[in-house]
Every structure is written in structure tokens, then in C-alpha cells.
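Heads up, the sequence shown is in our numbering, so the first residue is 16 and it goes up one at a time.
No wet-lab data here; the hints were simulated from the structure. Take the hints with a grain of salt, since some may be wrong.
[As the list claims (entries may be wrong)] 20 angstroms max Cα-Cα, derived SDA-like pairs, lysine to any residue:
(1) Lys293 / Val437
(2) Lys903 / Glu913
(3) Lys1095 / Asp1056
(4) Lys519 / Ile91
(5) Lys603 / Ile591
(6) Lys519 / Tyr699
(7) Lys603 / Arg578
(8) Lys388 / Ile317
(9) Lys417 / Ala399
(10) Lys393 / Gln441
(11) Lys1014 / Ser1063
[Claimed, not checked] Label-pair ranges, simulated between beta-carbon atoms:
(12) Pro1157 / Glu400: 53 to 61 angstroms
(13) Thr925 / Ser58: 47 to 55 angstroms
(14) Leu375 / Asp1123: 41 to 49 angstroms
(15) Thr961 / Gly1006: 50 to 58 angstroms
(16) Glu1077 / Arg578: 17 to 25 angstroms
(17) Gln301 / Glu691: 51 to 59 angstroms
Cβ atoms here follow ideal geometry from the backbone N, Cα and C, with glycine treated the same way.
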Amino acid sequence: MNTAAPTTEQRLRGVLEEFRTALREEIFAAQRSSSSNAVPLTSGRKIGQVGASFQYSFTIDSILNVPGDAPGDLIIPEKGRVPTTIVSTEGLTITVSVGIDLGNFVPIARLETDLTFLLRKLIERIEVLNTKSNCAGDRILGFTEPCGTLESVSVERLNAEQNAAVASTLGRDTTFIWGPPGTGKTETIGAIGAELFKRGRSALLVSHTNIAVDEALLKIANRLGDEANDGTVLRVGVPKEDKKFAAKPELLLATHVERRSAELASRSAALEQEQIEKTKESLGVQRLIAISEWLSEAMLDIQRASQDLGRVQRLEDEARTSGAKFEQLQGSESRWREVANEAVVIKQITLDANALRGLLGGLERAGTEIGQKVTDAKKRLEDAETLYNQSSAVGALTRLWKGLPKPEQQQAIVDSRKAELVSIAQERSRVTQERSHLQTRLEDASRRIEAFQTTHRASPDDLLAKHSAFDQQLKNFKDEADLRERTATEARDTLESLLGGWVKALREFGLIESLIEGQSHSASKRVYRFAPRQSAEDMLAVLQDGYERAMAEVSNRNLDELRRTNDSINQRLRQITAEIDAINEQLKRVEETIISEARIIATTLTRAYLRDTIQARRFDTVILDEASMAPIPALWVAASLADRNVIAVGDFKQLPPIVQSDKEFAVKWLGRDVFEIAGVTEAYKRQALPAHFVALKEQHRMHSDIRVIADQLFYDGILRDAPTVNNDEELDGWYRRDWGNDSPVLLVDTGSVGAWVTSVAKGVRTSRLNFLSATICVDLAERLLTGTPAVDRPRILIICPYSPHAKLLKLLIKTQNLEGQVEAGTVHSFQGSEAPIVIIDLVNDEPHWRVGMFNPSQDETSKRLLNVAVTRARRRLIVVGDFDYCEKRSKNAFLGREFLPFLRQFYKETNVLGVVSPGLSARAAQAQSVVVGGNVEPNSARIVLTQDTFYPIFLGDMGRARKHIVIYSPFMTADRLATVEPQLKAATERGVRVYVITKPQRERGAREIGQYQNFERTLTDWNVTVIHKIGMHEKLAFIDDEILWAGSLNPLSYSNTQEVMERRRSREVVKDFVSALRLKELIGAYEAGDDTCPICGREIMPAEGADDPFYWRCVEEGCYTRSIDDPPLRDGILNCRNCGGPVEFGEWGDQPAWRCVQNRHHHQRIHRNHLRLPRMRKLVPKRALQQLDRQFGIATERGQTSTTAASELELF
């Protein structure tokens, strides 16, 4: 930002230029933030009336950084803008003042404020003072030395320090009064104002808030009695304590203005009433004009919309028809698949048959050849036998003569020829048998081929071609159905968006009533998407009804006549405005006169620099109450009105002013308190206190046990108790003293319930809320109350560090009907407030540890915040949090180094489970449902959601679960676990079985392992069963047997993605998925305790399978596996992992292995853990066992053999 002043603007002297730069930097920051935009208000109720002003209390969503008396506009539906003034903010409750009666209840409104207007006005005041001296302002900034001496004084009902403060203010030109909580700052200011008044000195009392102004002025008036009733003591502005001022109307500026100008005021009131009536009349006429102008075009637009709707419906009919065609065709997919599979088989059989024919031809030829061999062999045998007969029939000489062989030799040849014939016969038999076998196979193949052709009347190739064409046709039909569905959906969305805008416009004009959220014309039709809005058919019908109502309203009206009427009304309104302005000028002069005559004026710091009548006069003394909370330039401007002395009252150990800009001068002059600027804080630290500094030390607010905390941890031991601080009478009648843990200070430890924190977006940053701790705090508040009616001020404050958490507390307070008695807010919103009971909710817990109060560099801020939180309590202080976690995470910071150890050492600590009633998790889950929009259940059986709409529906499903919840989420994050924590805890608490299936830790990154170990421990603590699945990728969730979530979102980790999840409410669909995933078998193993390896005792987990959804595998590689259907290992004996048969010890590739007894090709490697099974060791020969023991490092002790060691294992 360029903050350099334009060359034409006035150059300011000294520090004033820095003031202007700081304010401009803050303007720039305010313009970029939401603080200048309209903020939503709810549950407005009239709480009082002061003169002509009406006060209303509203609930706001988050803390509003606007000072008291800041101007703004209240925007109310059907009533428009109403000028308003901010009276006060306390917690998430804001009080405003308006000039008209809005009725007893205002359901919703918006508040539009402009912080930049206040800052620019402050710049104007500084520029006016540029050429004037401001001695008092310079003294409070430490630019010049204070002077003067104490004036001896003794005021009744004041202690020594308070009297010293009064003496200093009467005698010195500058006094800084340090008032820790409850030390009587307001009482002291009352005495100072009264003493100044008695001495004839005028005073301006300003404070940051209206409440502080009211209390201080009432103290002054009480001390002056009747002397304050003649207009010399005035409250300028709208008091917060309206009931107290109703008894003292003479203190109000409005009272004296009314008395001095009754006739003018009466005329002004009449004109204002006429103005209101004419304004209403004008709005009514303008409405009729707008309706008349709209009617000229509306019917044509509605007709076009009706035509568009017809087109949308045709598109939807086409989409349904296309979808039906696809579904009809899809019904034939399984039959075609069977036929195609059969065709593939027949095609292979045909190939086999052709091969068989070739083989049979070869065998025929072989048979012929063998027949010839038989003939030849028989011939050779006959020849051999003939020769044998010849040889055996003659003697030796004849044999020699004829050359015949010896009979025994020839007999051997005969035997050989016989053997040859037998061999050939055997070969012929083998060929015959083989030919018969092949012929049988060929006949079988021929029959199957013939049956296929008879059945299908087509060849396998033809059928496969037809199947391919069918697949393409199916794909085309699906693409067409999807396209038509998208087209229809987009067309309906476009039309419904247009019609929704029209409906909103007519609703604002009162021509239609609101539709029922979620109502749909198409409940019985196919739904393409879920959207919680009205259907086009419903909206068009409503628009047509609105058109008819509009026609009826203006049927007897002429547009030109209406315009003339409106012009006439506007002319009269201008006349009324001119008359009111003239009267106001006269009244203003009356007001100026009254203000100039007053001796003591009390108002807010904001009104002091906004109001010209105050800036136009001088005061002897300016009292700056709550000075440590106020921006320095505003204090300097207020101090400029002092002629004699200035008094700054505040507490520099509590919160400084709030600044949005982080620029140098903004931080320097808007983010630091006046005590620090003046050097008083530094002087206190050095124990070199200046004479014009007075510390109040006797506290009257807190029970002594609470005071000890503030005194020892924040105020350096300077505080002492007034005699009555331990009087608990104010608790009588509404506080339940017998609730079981009554103690002035109580610590409620939430560590046992695991109250995880949820991160939520807050603008460009993130904030936090904690459903469990919020539920605990509101339950605790309810338990402390006896049920007596609410009073004007809250009896219990619940203070927390974060706005979203404060908003959650506010919702729970409303849900439990505790409004009025209990108020929630952040520390900043309660500075200046107090209550009998304060509950401090530390909020922070797992999994978040990057927290400001855990950081030593934020110790100064943490101390101030905790100081304010603790010192709001008068009678009881309860601190709620996970103390071990907070103390561990902040061990080097003030919170864990000093604050919590001190409290835990000296005060009672109790477990939350002994404080709240049973069902805590269920109540926390209900609180979450309220925050996310209620327990939403879609009407449609099938919807697709993006990340923006996923969680409200998913959390609602979990909240309705009665049997089991199964979540497949490969990844997890702390934020998402914190989001589902309330629902998961509530589910397990009511007996629902919850399973989270995720990746094993070995598949995580090295930096993630510790985080995931913590996640899984936490889930186990929540009674959730964590199942590791190797290589998983599914993103699913099952709720009972009815709901399936499937898609691309990780249910427990997604963040800022464009992924989607589909929700199906269908028992059939869930059944199909459960069957396909074998989910019952998966969960059944964990239910039966079969989640440990039977060999090594380590984790056994499902792993992605090639054919099955998973198989079981030990986390240690190679140790143990089994298929889904294999029974778990029960008897300490391994079976073949391929066929399930028995195994024996052997070798495979020269390496020891378990070999299948039934199939020698099946084997598996021996793992060292296998040898921990005694029955497996017995299968290994002793020598081989010794070698394996050495190889695997299985040691023996004192000479014991491995067998002995193994036998000892049998004990386990």
C-alpha cells in the first residue's frame, strides 16, 4: 500500500503524520476484510427503551470489531435500512439502538457498519488539531513530563491506593491509574468525578465501551446525589444500562433536550411519524409500480420458461428411454458373453479336431507299415523254423555237408524271430489303441461342433464377430444414455437456476410463499443428481400463482396514476425532511447549549470524536477510562479537550487495542496501549515507577482462590483481597451447590475422552472447533443451574480462543434453552465483562499442535488472553481441557511452563467422565449435525456429490447407523479424522461396529509413519477396528446393509479436490459389493481373531489378489500366506500353498524347500519363522536342520539343541 500523502494535502507536524499514516493503513486493511460488510444477525429481541430509542439484542456469527457508539445500518427484510448505533458487544451477542420500534422480535437482519468512516473522521480531527497545541495529549504519550503534586484528600469508602489516585488527579496535570481486575477502577473514577465537581471543575469522561461509561457515571451520580439532577452531569449517547438510567432520567442528555424543546420535539415527532407513514406508503406504491412494470413482461417469460420446461422434460424422457434401451440391451450381455466364450471353446475344439485327423492319418500309415512288418516277421520266423527242422532231422555230417546250422544255434534264431514278432504285435496293439482313443476324441469333438452349429446356426467366427458388434452397440448405447442424461441434467439445472432467481424476487415482493426445502416433482422418476432445492415444475407453478396474485393486486390500478401518486408522496417526504432538518438545527443548538453548560459529560471515546458539540467545548479534566484498550490517536484527540489535567485509567496487563493492519505505523500507534507508549509499562518492569503512576491493589471481584491465580501468574503478587470477596451470596437461588464438584477453582480434564479438534475455514485462514469439549462445557453449565428464570446479565460465561468454537457453543446454548443465563464468546469479546461463573474452554487437543498458545514466542499474548479469561470470574472458575496434551505441547511456553502446572498443583482436578452425564459422544455428534445443517438424508436412492456436499450427508448416514460402518480410505488426515470423530465415537458408544480399512504403515512415507501410527492408535482408542490392506486403492464406505458410498474421494483424507462420491441406497447394490469384495470374510477374520500370523505372531493382513479381491499374507515377507477360502493355520503345520496338500522337506534348485507330496512341481521357500513350528521342524532331517539353524541365525543356549529350543516353543 502506498501511504504517502498527496502533494496537495496538508502536511502534519511530528507524530501526527504517523497517526494519519497508521489510520490510512488500517482503512486499507479494513477495506480488504469483511469488517466493513454486512454481517448476519439472528434472534433479535427488544430489551429496552431509552427515550425515543429502542434497544435490541441480536446473536452474531463471529466477533465484531466495532467500538461502542459506532454508527451503522440495520437491514431488515421487508423493512429496508434502519439507522442504528452499536451499543455493546458481549460474546456473540450485540446490542444496538434504533429510532423506531421494530416489534418485540426480529428473526433475522443484517448489520452494515463502516469502520473506515470512524477512521476517516479521526483523521479529520487530527488534521484540525495540527496547528493547535495539545499539551495533555503530549503528556499521555510521554512527550513532555507531567508536573504537579498530590492534593491532600480523604474520600469515604476508598482504600489507600484509591485515595492516592484521587489525590494525584486533583493535584497533577497527568495521572496514570493502573487498575487490575476488580480493584475498583470504576469506584475510583466515580470519586474523582465527584471531587472535581465539588471543586467546580469540569470533566469529560470517555471510555471504550458504553457499559464502562454507564457504570462510571452512575458512580459519580451516586456520590453527588441531588446535585447531579439539574443537567450539570450528563450521559451523552445511548446507555447500555437502560434500566438503571430509567430510574435516573435526569442524567440523560435526551431528557434535558426534551424538557427545553418540548414544542419542537412534539412537532418533530409528528413529522417523524408522518415520515414513517409516508415512507411506508411510498414503499407500497413503489411495490405496485414494480409489479405493474413486471407484469408487462412476466407472462411471456413464464411461457418461455414453460416451453423450456417442456424441452427439459422431453430431454429427460429421451434420457430415460435411452437408459431403458441400454438397460434392456445390457440384459443380453451375459448371454452374449456365454455364447462368445462357447464360440472360443468350439473354435479351439475345431483346431484340435483337425490336429486329431492329422494324427489319425499318421496312425493309419503306421498301422499299414506295422502290418507289413508282421508279414515279413512271420516269413522270417517260418524260414527259421524250417531251417531248424532240417538241421535237427539230420546228423552232424549231413549238416556239415549241406551247410546247415547246429540245432541249438538255429533254436536261438527261432526264439529271436518269435520275440521280434511279439514286439511288432505289441506295437500294432499300441497303435490300434491310440488310434481308437484319438478316434473317440475326434468323434466327441465332432459331436460338440455339430451341436454348436445345430444350436447357433453359425460358425464360431461369425458369432464372435456378432459379439464384438454387440459390445460396440452396448458401448454406443451407454455413451448415448450418459450424454442424454448429462444434457437433461444441465438443461434442468440451468432452468431451475433461472426460476430460482425469479422465485426469490417474487418472494421478496410478497407475491409467493416459501417452498418446502427438498420437495421434488420427480420423487418417483429417475433422479440424475441431488440438490436441496425446489423443482422447476414446482417453481413454475408457484411463479404462475405469483403472477395471478400480482394481476389481482394491480387489476384496478393504473400505472401512470401510480407514478403520479409516488411523485406526490416523494415531494411530501422531501418537505417533511426539510422541516425535520430545520427543527433538528434548532434542537441541535439546544443540545449544544445543554452540553456547554454541563460540568461533567460522560460518553464513549467514539462519540467524543464524532460529535461536534463535544469537540466544540473545553474541559478542565479529561478522564480516559479503559485507556489500555483504546487506539492512541483517539485518546490523543480526546485529551486535546483538557485544559488542566488528563487521567488515563486501564490495565496494561490485559488485551491491547485490536489492529487489523500489520504495517509499521498501524502496529506502532493502533496496536499498542497508552501505558506502553508513555513508558509506564517499561518503568514498571524496571521498578522505577513515576510519581504520576498509581496502582490499585485491593480487589473486590474474585473469590480469593481465583485471585491467587491472577496475582501469582499475572500481577506479580501485588493484589490483596477485600474482606468480602469470599461471600458467595450471589450464587443463592440459582446455583446448584450440591452438583458434586463445587469448588472456587475446578479443573476438568478431557484427556480420557480424546476430544479431537476440527479445523475450519475462516476467510483465508483456518480456525478450530472441538465438538466434544463444546458439548462438555455446555453440559457443565446446564448442570450448574437450578433452572431458575434468566436475568438481565449472564450468570455463566464460556470463554474460548476461537470464533467458530464460540459460535458452536452459542448453538448448543440455544439448543439446551440456556440463552440469557449462559453466554459464549472469545476472550476479546468478554474484555470488560464479568460473571459469577466462568468456564474456560482450552479447545486445543489432538491432532493440532501448531497453536499460538503452545508457541513461546506468543507468550505475551497468551498471558494477556489467559489473564482476561481468568479474571472475568467472580465466584467460580472452571477450566476445561486435555491438560496432559496441552502441557506437553506447550512445555516451553507460558501455558505449559507456568499456567497449567500452577493450576494442577494447587487446585482440584477431576476427570470429565465424573462430571458429565453418559452419552457424551452422542451429544457431541448431535452438535456436529446442528453445525453442518442437521441430520440430512436425501430422498433419492442414488446421488453424486462433490467435496462441498459430501460430508453433511455422510455424517448423517453415520449418525443413523445401527449395525456397522466400514470405511475404505487409503489415506487419512488429522482434519478429516477430527471431522468424523464425534460420529464414530457416538456410533461405537451405541454398539455399532466400525472398521477402517487403510494402507499398511510400510506403504507410507518415512515422514508419515509417526503421524499414521498416532491416527491408528486414536482410532483404536475410539473402539474402531483398523484393518491394513496391502496395495489397496478402494475409496468406499458401507453403512449397515443399506448404503454404499463409492467414488474417487478418500473419505478420511480428501481436501480441496475435484473428486466425487456416489451414494447408493440399495440393499441389492450393497450385497453385490460385499460379495465382490468378500467383505464378510475380511471382517470375519478380525472378528474371529485370525489377524495374527500363526507362525510368527506378527500382523497378517489382506493384500490385493490377482484373481480374488485379496489373499491373506504375513507382514513379514515370505513367512505365511493363504487364500480367502483356505482355513487359517490351526495345528502348527504348513500345507502346500498351491493345492493345499501335505508337504515334506526337500530341495528345489539346490536350495532347501517345502515340496508338495502330491505334486512334485509345487514348492515354497523355507522361511526362518517356519522353523518356529515344532511340527515343521520334525520334518527336517537333523543335519539339514542344524544347517538351517545356522543359516537363519537361530541360536541355542548352553549347548541346547535347536530341537530342544523348538520344544520349548510348544509352550506358547
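Contradicted hints - numbers only: 1, 6, 7, 8, 13, 15 and 16
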